[in-house]
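A.B. asks: According to mature numbering (1 follows the signal peptide of the UniProt record, and there is no 0), the residues represented by the sequence shown are -20 to -1, 1 to 120, in order.
Treat the hints loosely; a few may be bogus.
[Said to hold, decoys possible] Derived BS3-like pairs (lysine-lysine); straight-line CA-CA distance at most 30 Å:
(1) Lys60 with Lys38
(2) Lys6 with Lys60
(3) Lys55 with Lys38
[Claimed, not checked] Here are the simulated distance ranges between beta carbons:
(4) Lys6 with Gln77: 26 to 36 Å
(5) Asp75 with Gly22: 16 to 26 Å
(6) Lys60 with Asp37: 12 to 22 Å
(7) Glu91 with Pro7: 18 to 28 Å
(8) Gly67 with Ala11: 30 to 40 Å
(9) Gln8 with Asn79: 29 to 39 Å
(10) Gln65 with Ala105: 16 to 26 Å
(11) Thr110 with Ser57: 12 to 22 Å
(12) Asn28 with Glu58: 30 to 40 Å
(13) Ser24 with Thr98: 11 to 21 Å
No lab work stands behind these hints, which were simulated from the structure alone. Positions of the beta carbon are idealized from the N, C-alpha and C atoms, including for glycine.
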Amino acid sequence: MKKIMTLVALSVALSGCVSSRTDTLKPQQLADQRFVLTTVNGQSVQGNGPAPEIRFDKDLRVSGKMCNGFMGQGKLSEGKLTVKQMGMTMMLCPDQQRNELDHTINAMLSEGAQVDLTDNQLTLATATQTLIYTRAANAQ
């Protein structure tokens, strides 16, 4: 019984640490920032053309491009970024990875992704996907 109580107490303590880490990100930290996608699930992003990116304006409107452009109003709550009613262009790209990334970003932002900003690295993560971006020049 002591072992179970110890495990429960440890779990509560650790979950508090994780929760406080994600609660620290504020919309102002993302405002007027642009990030370029560098890795997807630990694999480098390949392909020709401009690098996939995501941008945030001062009101947390989210836009970007994988293969297709996407945009929508973001909401940040308890470390989770959600973009409901996201709009996206619907072209087919010759690059299969970019086509898959369109579906990935749409699902992640529609359902909500944990977001972390550490130094110049932005991470969007769900239980099955992790996108890592690097800060680029500020959004115009």
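A.B. asks: Assess, step by step, whether the Cα of Lys6 is no farther than 30 Å from the Cα of Lys60, and give holds or violated.
C.D. replies: holds, 11 Å
A.B. asks: Does 12 to 22 Å hold as the CB distance between Thr110 and Ser57, or does it fail?
C.D. replies: holds, 20 Å
A.B. asks: Assuming the hint says 11 to 21 Å, is it satisfied by the Cβ distance from Ser24 to Thr98 or not?
C.D. replies: This hint holds: roughly 19 Å between Cβ atoms.
A.B. asks: Given the hint that Lys60 pairs with Lys38, test it: the Cα-Cα distance must not exceed 30 Å.
C.D. replies: holds, 18 Å
A.B. asks: How does the Cβ-Cβ distance of Asp75 and Gly22 compare with 16 to 26 Å: does it lie in that range?
C.D. replies: holds, 19 Å
A.B. asks: Does the Cβ pair Lys6, Gln77 satisfy 26 to 36 Å?
C.D. replies: With a Cβ separation near 32 Å, Lys6 and Gln77 satisfy 26 to 36 Å, so the hint holds.
A.B. asks: Per the hint of 12 to 22 Å, is the separation of the Cβ atoms of Lys60 and Asp37 within bounds?
C.D. replies: holds, 19 Å
A.B. asks: Starting from the hint 29 to 39 Å, judge whether the C-beta atoms of Gln8 and Asn79 obey it.
C.D. replies: Holds: the Cβ-Cβ distance is about 34 Å, inside 29 to 39 Å.
A.B. asks: Is the distance from the Cβ of Gly67 to the Cβ of Ala11 consistent with 30 to 40 Å?
C.D. replies: violated, 21 Å
A.B. asks: Are Lys55 and Lys38 close enough, with their CA atoms no more than 30 Å apart?
C.D. replies: Distance of about 12 Å is within 30 Å: holds.
A.B. asks: With 18 to 28 Å as the target window, see if Glu91 and Pro7 comply at their CB atoms.
C.D. replies: holds, 19 Å
A.B. asks: Lying within 16 to 26 Å: is that true of the beta-carbon distance Gln65 to Ala105?
C.D. replies: About 22 Å separates the Cβ atoms of Gln65 and Ala105, which means 16 to 26 Å holds.
Of the numbered hints listed earlier, the single one contradicted by the structure is hint 8.
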